[in-house]
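For this one, chain A is given, so just place chain B on it according to the hints.
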Amino acid sequence: MRFTEAERAEIGALLRKAAAEGKNNIHVISSRGRWRVVRRGARRARRVFLDKDQAVAYGREFARRLQSELVVHTRNADVETRESFSGPAAARGL
Amino acid sequence: MAREADVFESSLFINCPFDGDYLPLLHSLLFVIFECGLQPRLASDEVDSGRVRVEKIRDLVRSCRYSIHDISRMEALEPGDEPRFNMPFELGLDLGCRYYGASRLRNKQCLILEKEPYRYQRVLSDISGNDIRAHGSDPETLVLEVRNWLRTVTDTILPSGSDLWNRFNYFLEELALILERLRYSERDVQALEPVEYLGYLRDWKAGLF
Chain A
2 MRFTEAERAE
12 IGALLRKAAA
22 EGKNNIHVIS
32 SRGRWRVVRR
42 GARRARRVFL
52 DKDQAVAYGR
62 EFARRLQSEL
72 VVHTRNADVE
82 TRESFSGPAA
92 ARGL
Chain B
6 MAREADVFES
16 SLFINCPFDG
26 DYLPLLHSLL
36 FVIFECGLQP
46 RLASDEVDSG
56 RVRVEKIRDL
66 VRSCRYSIHD
76 ISRMEALEPG
86 DEPRFNMPFE
96 LGLDLGCRYY
106 GASRLRNKQC
116 LILEKEPYRY
126 QRVLSDISGN
136 DIRAHGSDPE
146 TLVLEVRNWL
156 RTVTDTILPS
166 GSDLWNRFNY
176 FLEELALILE
186 RLRYSERDVQ
196 ALEPVEYLGY
206 LRDWKAGLF
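Chains A and B are the protein sequences, given in the same order. Numbered continuously in the working numbering, the first sequence closes out at residue 95. Numbered continuously in the working numbering, the second sequence closes out at residue 214.
The shape of chain A in the complex, shown without the other chains (with noise of 0.2 Å):
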């Protein structure tokens, strides 16, 4: 498939656009038999759990308190779910 230069370019707007808001995310990733937490970007993982409804507990608190999205990964690295902790209600615990 090849994209026209619109395409292209509104692909990249959305692109930019899902980078910056991503930039904070918390992920929970799979890697080696276990479940890492780790902030996008950052070089090692925040913990690193044998259990991923224990990675995922741990993840969500990390993402409610830095107001972020909570992102959980597959085995195969596909996202499974999202969580929001972001904007007004977030922030007041809601």
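Hints in this document: simulated from the structure, not taken from any laboratory. Accuracy of the hints is not assured; some may be wrong.
[Said to hold, decoys possible] The list that follows gives simulated cross-link-like pairs (lysine-lysine, DSSO-like), each with its CA atoms no further than 27 Å apart:
(1) Lys-113/B with Lys-210/B
(2) Lys-61/B with Lys-113/B
(3) Lys-210/B with Lys-18/A
(4) Lys-53/A with Lys-113/B
(5) Lys-24/A with Lys-53/A
(6) Lys-24/A with Lys-210/B
Positioned in the frame of chain A, the structure of chain B alone reads:
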């Protein structure tokens, strides 16, 4: 316009299945190749249905210095189906090109991927002396194996395996957002052709993310 020799040096031919089950592995494979600075080339890149498939393969083999052959699906898709032999056939063409081709083709490098270690010895023992790595149908293992092989054969500094794996996760997150905003249904996303996926990857690599 890029010189033919430069294109040859930076091109990597991928010989793998294209079925839905393999798609997560193919996506991770395309990603790691791109991130390591090479251009992945697939037989499905070419949409000219007037050309015989084996001719397309022959031209790809001849125009790529590097190649990755995944023979992990050298089996029937469903019980009772016939096994698939396209991958080992194309691997044979690539090895033949290296042995009998002109001088620059003798410097070609290839990686053979399998599902389990040593399974190939039972079904394709002629390649026992080659460098064969098992990925266990796990995209992360595939990323690490391909990254480590490229580090050796290209002799260039590459990002670490865990950095690449993290970035692949971030890329898929952003790609999912883009496709959602472009109103792709879940079915459209699942049916994303490698060539379209490559288009997004190229934009991402070009710094648009």
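(request) Mind listing which of the numbered hints don't hold for this structure, in increasing order? (result) The structure breaks only hint 4.
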